[in-house]
Every structure is written in C-alpha cells, then in structure tokens.
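S.K.: Sequence:
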Amino acid sequence: MRAVERPAPVVVAVDGTDRSDGAVRYAVLEARRRGTGLSVVHVAPTALPVGGSMPYLDFRGDALTEVARRVADEAVTRIRTLAPDLTVEGVLRQGRRVEELAGTAATGSLLVLGRETRHGADRVYVGTTTAAVAARAPVPVAAVGSDWQATEHGRVVVGVEPRSGEVLSYAFPLAAARHATLQVLHAWTVRDPYADLDPERTGDWVVAATRLLESTVADWSAGFPDVTVEVAVVHGRPAQVLVDASASADVVLVARRRRSLGHPSRLGATARAVLGHAAAPVEVVPLTGVPQHAPLVLERFGEVLRS
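Counting from 1, position 43 in the sequence shown corresponds to residue 43 in the UniProt record's numbering; the numbering is continuous, with no gaps.
Because the hints were derived from the structure by calculation, they are not lab data.
None of these values were measured; they are calculated from a predicted model.
Hints are not guaranteed to be accurate.
Claimed, not checked - Here are the in silico distance ranges between beta carbons for each label pair: (1) V207 to D147: 16 to 26 Å; (2) R237 to R33: 17 to 27 Å; (3) E99 to E230: 38 to 48 Å; (4) A279 to A63: 35 to 45 Å; (5) A106 to R33: 49 to 59 Å.
Each residue gets a CB set at the ideal place from its N, CA and C atoms; glycine is no exception.
Model the full structure from these sequences, guided by the hints.
M.R.: Okay, here's the thing in structure tokens:
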C-alpha cells in the first residue's frame with residue numbers, strides 16, 4: 001500500500017522581532033486555506049555587526065546557537081497557540097539569509113516573509129533582502145507588512161504584461177480557493193511623450209488591448225466558471241497602477257520571468273516597487289516558461305497589437 005504524500009507546507013520566516021507578525025498571520029491563513037502544515041524557519045547569522053573598526057564579529061559559538069534556538073522555539077510555541085489546528089514544525093538554519101531562505105523555500109508550496117513598514121535605511125535593507133529571496137526562490141514568495149491584519153475585500157489582483165500570461169495559471173486557482181473576484185490588470189506607457197496628447201489614439205489602444213486580454217482570460221475562465229473576472233487595461237505606470245489597486249485587494253500577484261543561463265536572478269523594477277509600496281500582501285510568482293495556453297502578447301515597444 002502506497003503511503004499518502006502530504007502536501008508541501010507553507011513556510012514562514014521569523015527573525016525574533018515584530019517585523020514577522022504580519023507574515024505569521026498570513027502564513028497561518030494560507031496553511032488553513034491550503035490544508036497544509038506550517039514550517040517556521042529562522043536563519044541565524046554567522047557574524048554579528050558590532051560597529052567601529054570591526055563592523056562584524058565572527059561568533060559561531062554556543063551563545064549564538066542558543067539565541068537562535070530560542071527565537072525559533074518561541075515562534076513555534078506562539079504559532080501553535082495561535083493555530084492549534086495546524087501541524088507546526090520549526091526549522092533552524094545558519095548562514096546567509098537570502099541563500100538559506102531561498103533554499104528552504106524549496107521544501108514548501110509558499111514562502112512568506114515579513115516586510116518592514118517603517119521608512120528609511122532599515123526599510124531599504126529589508127526590502128533588498130525580500131526582493132533577493134523572491135528573485136531566487138523556486139516557489140511563490142509572499143511579502144507581508146508587519147502590521148497586516150486579515151481583511152476580506154474579496155478581490156485578487158494580478159498584474160500581467162507581455163509574456164507573463166502564465167501567471168494566470170496561479171491566479172485563477174487562488175481566486176477560486178478564496179471565493180474572490182479576480183481582477184486581471186494590464187498597465188502600459190508609451191515611449192513617445194506626445195502620444196497622450198491624442199486621447200482618441202490612447203482610447204483606441206485601451207479598446208484593442210482589452211479585447212486581446214479578454215480573449216486570453218476567456219480560455220482560463222472556462223476552467224473556473226465560479227470565478228468572477230474583471231479585466232482592466234490602464235494607461236499608466238504599471239507599478240503605480242498596481243499599488244493603487246492594492247488598496248482594495250486581499251493579495252496582489254506579480255510574475256517573475258525566467259532568466260537565461262549566465263544571468264543572475266533578479267526582480268524587475270515593477271515587481272520591486274510593488275513589493276515595497278503595496279497596501280496588500282504581494283506574492284511574486286516564478287514562471288516556468290511553459291504556458292498552458294497561447295502566450296499573452298498585448299503590446300510591443302508601447303504599441304498595442306491589434307487582434
């Protein structure tokens with residue numbers, strides 16, 4: 001008799017501060033929604049910042065390990081109290097935070113990270129770490145603000161661009177599981193700064209792009225008849241359009257395209273901006289490069305392609 005494989009858990013990273021609070025709440029809800037366990041990971045450093053002429057102190061001894069275990073154990077205990085219905089396990093790693101988190105993500109179905117909500121240098125550092133992990137992890141990565149609380153807007157927003165239509169294969173099941181409306185959003189700007197002076201031309205672009213996008217979405221809608229879909233084509237900067245849409249969303253989805261061999265993994269400017277400024281949790285979805293439907297091509301060099 002073959003053993004039944006357990007679904008991959010949701011993985012949430014904790015650092016021993018309140019920056020992880022929103023991530024923990026989001027991870028608990030996602031684990032319940034997916035019917036999985038929860039894996040709580042803490043990455044201990046191998047060197048501590050001390051300042052002065054010695055910016056880092058190599059400190060691999062028992063004291064560091066003791067602190068790391070306490071952080072991990074306290075997080076597990078807290079989550080088990082918060083969610084006694086979930087199977088919760090602790091995972092302790094030591095090393096470079098980005099590499100360790102990206103590697104641990106491979107054991108789960110979703111990695112949830114805390115996102116700093118303060119301004120200034122601390123936020124820049126945390127944002128850089130979040131973006132770096134999201135660029136490398138083999139599974140979707142959610143970035144959640146520390147002060148996030150569950151609110152039901154009943155809306156999932158997914159940003160699409162040329163060659164990123166594959167993200168719909170993640171967006172539709174997610175919207176169905178949440179019983180939410182799916183807003184498929186495409187935004188664009190043109191290279192010609194004078195193009196906006198002709199509102200009729202811009203209006204024609206919106207109509208043409210909407211027609212193309214609706215055609216692509218229809219292929220997916222057939223498999224998810226219970227999901228209400230809204231298609232929106234907006235003339236504007238994609239990052240700002242998605243950030244604006246996040247105010248009334250439960251989650252915002254952005255795609256991470258595959259890069260060719262020899263090129264380091266990184267996020268595009270739009271994804272990084274949305275990660276840093278969205279009002280809702282943001283999930284960065286890695287694309288496999290093998291779309292299940294016809295590729296989505298809306299425009300090229302700012303010119304909307306006609307259907």
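S.K.: Check the following: the C-beta atoms of E99 and E230 are separated by a distance inside 38 to 48 Å.
M.R.: Once the Cβ atoms are compared, 39 Å apart, the range 38 to 48 Å for E230 and E99 holds.
S.K.: For the pair A279 and A63, does the Cβ-Cβ distance stay inside 35 to 45 Å?
M.R.: Cβ of A279 to Cβ of A63: about 40 Å, so the range 35 to 45 Å holds.
S.K.: Determine whether the Cβ-Cβ distance between V207 and D147 falls within the hinted range of 16 to 26 Å.
M.R.: Violated, at about 40 Å.
S.K.: For R237 and R33, compare the CB-CB distance with the range 17 to 27 Å and indicate the outcome.
M.R.: violated, 32 Å
S.K.: Quick check: does the Cβ-Cβ distance between A106 and R33 fall within 49 to 59 Å?
M.R.: violated, 21 Å
In terms of the numbered hints stated before, the structure departs from hints 1, 2 and 5, listed from lowest to highest.
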